[in-house]
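The task is simple: from the sequences and hints, build the whole structure.
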Amino acid sequence: MRKGLTLLELLLALAILGTVLALAYGAVVQFMQSRSDLDATVSAQAKLRRIVEVFSQDLRSAVLGGIAATPYPSGRGSISFALLEGGAGYPVLPHDSGSNNSFKQAAETKIVVLATDPDQIGITPGDFVLMVNNAGDGVILPVTQVNRVGGEPNRWHVVHAGCGNTIDYTPNTLLFRVRTLGFRYDPLGRQLVYREGGGSEVPVAFDLDRFELHYVYEAAFGDTVTDPSGGNYTPSYDFTNPTGAPPYQVTQGTTGKVYSLRRLSVTLEASFLSRGRRFSRTYTSQVELSSNAQYQVRRILPCR
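Count along the sequence shown from 1, then add 4; that gives the number in the working numbering.
By construction, these hints were calculated from the structure, which means they are not laboratory data.
Just so it is clear, the structure is predicted and the values come from calculations on it, not from any experiment.
There are no misleading hints in this set.
Label-pair distances were calculated between CB atoms; the ranges are:
#	residue 1	residue 2	range
1	Asp213	Asn236	26 to 34 Å
2	Val208	Thr148	24 to 32 Å
3	Asp227	Gln149	42 to 50 Å
Just so you know, even glycine gets a beta-carbon here, dropped at the ideal spot from N, CA and C.
Encoded structure:
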C-alpha cells in the first residue's frame, strides 16, 4: 500500500528546492555582472585601440620623419606633423649671393624657387610649405602669394607674409608642399581634437581621461632614453610645456652619446560605468617614426 508525502517531507523538499534555486540565481546574477564588466572593458579597450590606430596611421605618413610645431607645438599633450603633398622638393636659391643674413632675417617673407612656371611648382596661396636645408633644419611656412621674380626667367617668389623664415640657407635647400595636421588633448572637455592646416578643430575622440605622448630616443646598440630634457642633454627641450618641436637628435653631456628620435609611446586612458561603478582602463602603444635615407629633417623650427 503506497503512502503519500507527509507535510514534513513536503516542507523539506520545498526548502531544498528553494536553496538550489537561490544558489542558481546567485550564480546567474554573478555571471551576468561579470559579463557586464567584461563587455564594458572590451568595449573601452577597443575604443582606445581604434583611436591609437587612427593616430598612428597619420603619424607613420609624416613627411621625411619630421615632427612639427604647426598647428600645435609638439610635446606631452599635443603633436603636429606634415604630410608630403608636392612630390620632390624644388631648389631654393639665396636672395643675396648665399648670404644667410638676407635669407634668414625676420623681415624676409619670400623664398626664391627655381621652376619653369608656377604650375610646375604646384604651390598656391593658402598652401603650407616645408623648407629644409642641407643641415636638416626645416621650417613650415604659410603661402600667401606666388609671384614671378622680375627680369629673371624660371625664378618665382613664394611669399609667406606674416611668418618669417628661421633657418639658414645652405646648398641643396629644398622646398616641399605639405599638408600640416595635428592632435591636441583637451583635458577640460576630455576629448582629443584634430586640426588640419589653418582649419578649425574637430573632435575625434570623447570621454578620455588621459592622452599622453612620450618621445623615445635611441643610441647605438639599442640604448634608449625617453623625453630627454634638462641640462644633461643638448639641445634642450621642454616636453611638458612645448613651444616648438622636439629635436631629431640630442647629445648626452656626460657620455657624448648621440640619441636619435625613433618612436613615440602613446598612452590613452578612459573610464566607464558598469553596474553603477566606475572603472578605468589604459591602453599604451609604440609608434615607429618613418625615416628617409636621402633627406632627414632633424628639427622643424617655428616661423616668426
